[in-house]
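Those protein sequences? They're chains A and B, same order as listed. With the numbering used here, the residue at position 48 of the first sequence is 48, and numbering never jumps. In short: position in the second sequence from 1, add 1000, done, that's the numbering used here.
There could be a bad hint or two in this list.
[To be verified] To spell it out: a stretch of chain A is covered by chain B in this simulated footprint if at least three of its residues, at any positions, have a beta carbon under 8 angstroms from a beta carbon of chain B; those stretches are: (1) 92 to 99; (2) 113 to 127.
[Said to hold, decoys possible] Derived pair list, reagent style DMTMM-like, types lysine to aspartate or glutamate, alpha-carbon separation capped at 20 angstroms: (3) B:Lys1189 to A:Asp114; (4) B:Lys1189 to A:Glu124; (5) A:Lys24 to A:Glu42; (6) A:Lys85 to B:Glu1186; (7) A:Lys89 to B:Asp1195; (8) B:Lys1189 to A:Asp101; (9) A:Lys93 to B:Glu1183; (10) A:Lys134 to A:Glu124; (11) B:Lys1189 to A:Asp84; (12) B:Lys1180 to A:Asp101; (13) A:Lys203 to A:Glu42; (14) A:Lys93 to B:Asp1131; (15) B:Lys1180 to A:Glu66; (16) A:Lys85 to A:Glu66.
The set of hints was computed from the structure by calculation and includes no laboratory data. All C-beta atoms in this analysis are idealised placements derived from N, C-alpha and C, irrespective of residue type, glycine included.
Here's the letter readout for the chains.
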Amino acid sequence: MSEILLQLQDLRVYFSATSGTFGKKQYIRAVDGIDLEVKAGEVLGLVGESGCGKSTLGRAIVRLVEALGESKVYYRGIDVLSFDKRQLKEFRKKAQMVFQDPFGSLNPRLTVGDTIEEVLIVHERSIKLERKHKVEKLMDAVGLAKHFRNRYPHELSGGQRQRVVIARALAIDPEFLICDEPVSALDVSIRAQIINLFEELQKRFNLTYLFISHDMSVVRHISTRVAVMYLGKIVEIAETDTLFDTPLHPYTQALLEAIPDVLEDRDIRRRILEGDVPSPLHPPEGCRFHPRCFMAKERCSIEEPPLIKKGINHFVACHYA
Amino acid sequence: MAEEVASARIARSESAFWHLMKRLFRNKAAVFGLVIIMLMFLCAIAAPLIATHDYAKQDLPSMLQSPSRAHLFGTDEFGRDIFSRVIYGSRVSLKVGFLAVGISLFAGLLLGSIAGYYGRILDSAICALVDIALAFPMTLLAIAIIAILGPGLFNVCLAIALSSWGSFARITRGQFLSLKSQEFIEAAKILGYSDLRIILRHILPNSLAPLVVLTTLEVPKAIIVEATLSFLGLGIQPPLPSWGSIMSSGRSFLFDAPWITVFPGLMIILIVMGFNLFGDALRDTLDPRLRN
Ligand SMILES: Nc1ncnc2c1ncn2[C@@H]1O[C@H](COP(=O)(O)OP(=O)(O)O)[C@@H](O)[C@H]1O
Ligand code: SF4
Ligand SMILES: [Mg+2]
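Only chain A is shown next, with the shape it has when bound in the complex:
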């Protein structure tokens, strides 16, 4: 068993949504009680429809948003949520994040070289020449030719920009990378290149990924384990092959149905997801998936199913799985 790098216990992030000055105080329960472990060296895929709280989960880990009081985030056994400013800075040298929109992630007024070099200026005591070499090495590692050094973000394509973002994150020499839909905004034609780059870098620098995506085929390709999220909760988690071969949760089954080529030759009734995701302001009682679930019975609207073990490393939250 490899070491546990990151451990989440009952992680909750609520955003307040008050309507009007005297309106009733309401909460968007973006992340609503998540227990999750990330092992050193693995690529844990996190899938779910847009709006289910994937980004919020990632952002809460690096403390871009504040988690609720009882939530716990342990990194190598140390409580991240109790860090002061200095400890947080140290922690962020280990855990970095790559965002979805590669254009928005870069300061439009800084060149590629300056963007990467700034990380070194802030975190290392090195002279200019050393930094220059390191910038070149990083650019090389992400497949950017030297002459891009003096280019501005608006002169780059989406794929090139995402390479810069990756190089910047690597400049800090992290061990854990949260990738928040890093290829969703890219042209389909270059997605594969960037995915391959992520894979290559993971092996080369011995990285651990939390790889967030709403695209099942991307997650299948890159992950060793996959967690499926629905309305702020994990509904199923298993090793990649297990999850794709024998999905147990009706929601996972429906997600897999939606991708062409998967499950095609199998004798599973087509379960198209109907209706919209309910609002995280008022998640349904009982099992949050019951209004859309083809298997739902009376019990489902009353009692919330816990995440329980159904096989080797396979956990599911469904009464009838």
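With the hints as your guide, set chain B with the ligands onto chain A.
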């Protein structure tokens, strides 16, 4: 690589700047405004060369003369040459205009940044101050402040700044609020950059366009307030010539010697028009969304 070919077609950033300049200079009003502004600067810098007389020298025998070859804009009740006084007056107007707006800009940037970046109670407090500062009419507030501080060039600037920093603070805060949630700012936070670095290197440089526009539109306002204060005797003190004080001294001779008031008045109209034309055009070119 297809990616490289695609990016080669996108304009380089210098050429984006020149593109902007080209669009600006295709606008006739902008060019006209800029020419006026440059002529005013020329007057101020080369005043000793342009002026035909000593601006402070009294020559009682030739008092209240109408414009002539010897005195292009005529003379005042002490026989001083109005043309020379008006030329030197451009120094006062420009000095006050830029110094006052400089102080406003600095104070507005500082307080607006703090409000926008840190939010919460600091934001509420600063916003309340801004609302108070902007609620007073600029001239009235400036008069009240001069009454406390006393007249003089620097106090006039301070008085104007105290009543106009609010606009700068408000715009800066707005820029910060919209930039703060952008991913490159969040990325900077996760990368462990200090607040000061994030503000100075990542947010401010991306907030400049509307501030530049506001500056060019606030300078003429400051010039008018200075002229008003000087007209009321609360501003620049004699013998230093300010357009406002020259006009004030011509008040009693409005019918006998209208040139004393007319020429400095024309200069005020001209300089204010120059800045406004240029500022409006700049705003339209930089950010059409700011048009109201
Ligand atoms: N800063 C925020 N303030 C208020 N609501 C937010 C904020 N960020 C996210 N949300 C809400 O939280 C829910 C989850 O969002 P998000 O984590 O971005 O989902 P995903 O990444 O899976 O698409 C959504 O309903 C979204 O509107
Ligand atoms: S608990 Fe019920 S509603 Fe929820 S997924 Fe299972 S069958 Fe469907
Ligand atoms: Mg997201």
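Right, here's what the structure says about each hint:
1. 92 to 99: Answer holds; 5 residues pass the 8 angstroms Cβ test.
2. 113 to 127: Since 4 is at least three, the answer is holds.
3. B:Lys1189 to A:Asp114: This hinted pair holds, its Cα atoms lying about 17 angstroms apart.
4. B:Lys1189 to A:Glu124: 17 angstroms, holds
5. A:Lys24 to A:Glu42: Roughly 43 angstroms between the alpha carbons, so the hint for Lys24 (chain A) and Glu42 (chain A) is violated.
6. A:Lys85 to B:Glu1186: Since the Cα atoms of Lys85 (chain A) and Glu1186 (chain B) sit roughly 16 angstroms apart, the hinted pair holds (cutoff 20 angstroms).
7. A:Lys89 to B:Asp1195: Satisfied, since the Cα-Cα distance of roughly 12 angstroms is no more than 20 angstroms.
8. B:Lys1189 to A:Asp101: 17 angstroms, holds
9. A:Lys93 to B:Glu1183: 18 angstroms, holds
10. A:Lys134 to A:Glu124: Distance ~11 angstroms between Lys134 (chain A) and Glu124 (chain A) Cα, so the pair holds.
11. B:Lys1189 to A:Asp84: Holds: Lys1189 (chain B) and Asp84 (chain A) sit about 14 angstroms apart, inside 20 angstroms.
12. B:Lys1180 to A:Asp101: 15 angstroms, holds
13. A:Lys203 to A:Glu42: 10 angstroms, holds
14. A:Lys93 to B:Asp1131: Violated - the C-alpha atoms of Asp1131 (chain B) and Lys93 (chain A) are around 42 angstroms apart, more than 20 angstroms.
15. B:Lys1180 to A:Glu66: Cα-Cα ~16 angstroms, so holds.
16. A:Lys85 to A:Glu66: Holds: Lys85 (chain A) and Glu66 (chain A) sit about 14 angstroms apart, inside 20 angstroms.
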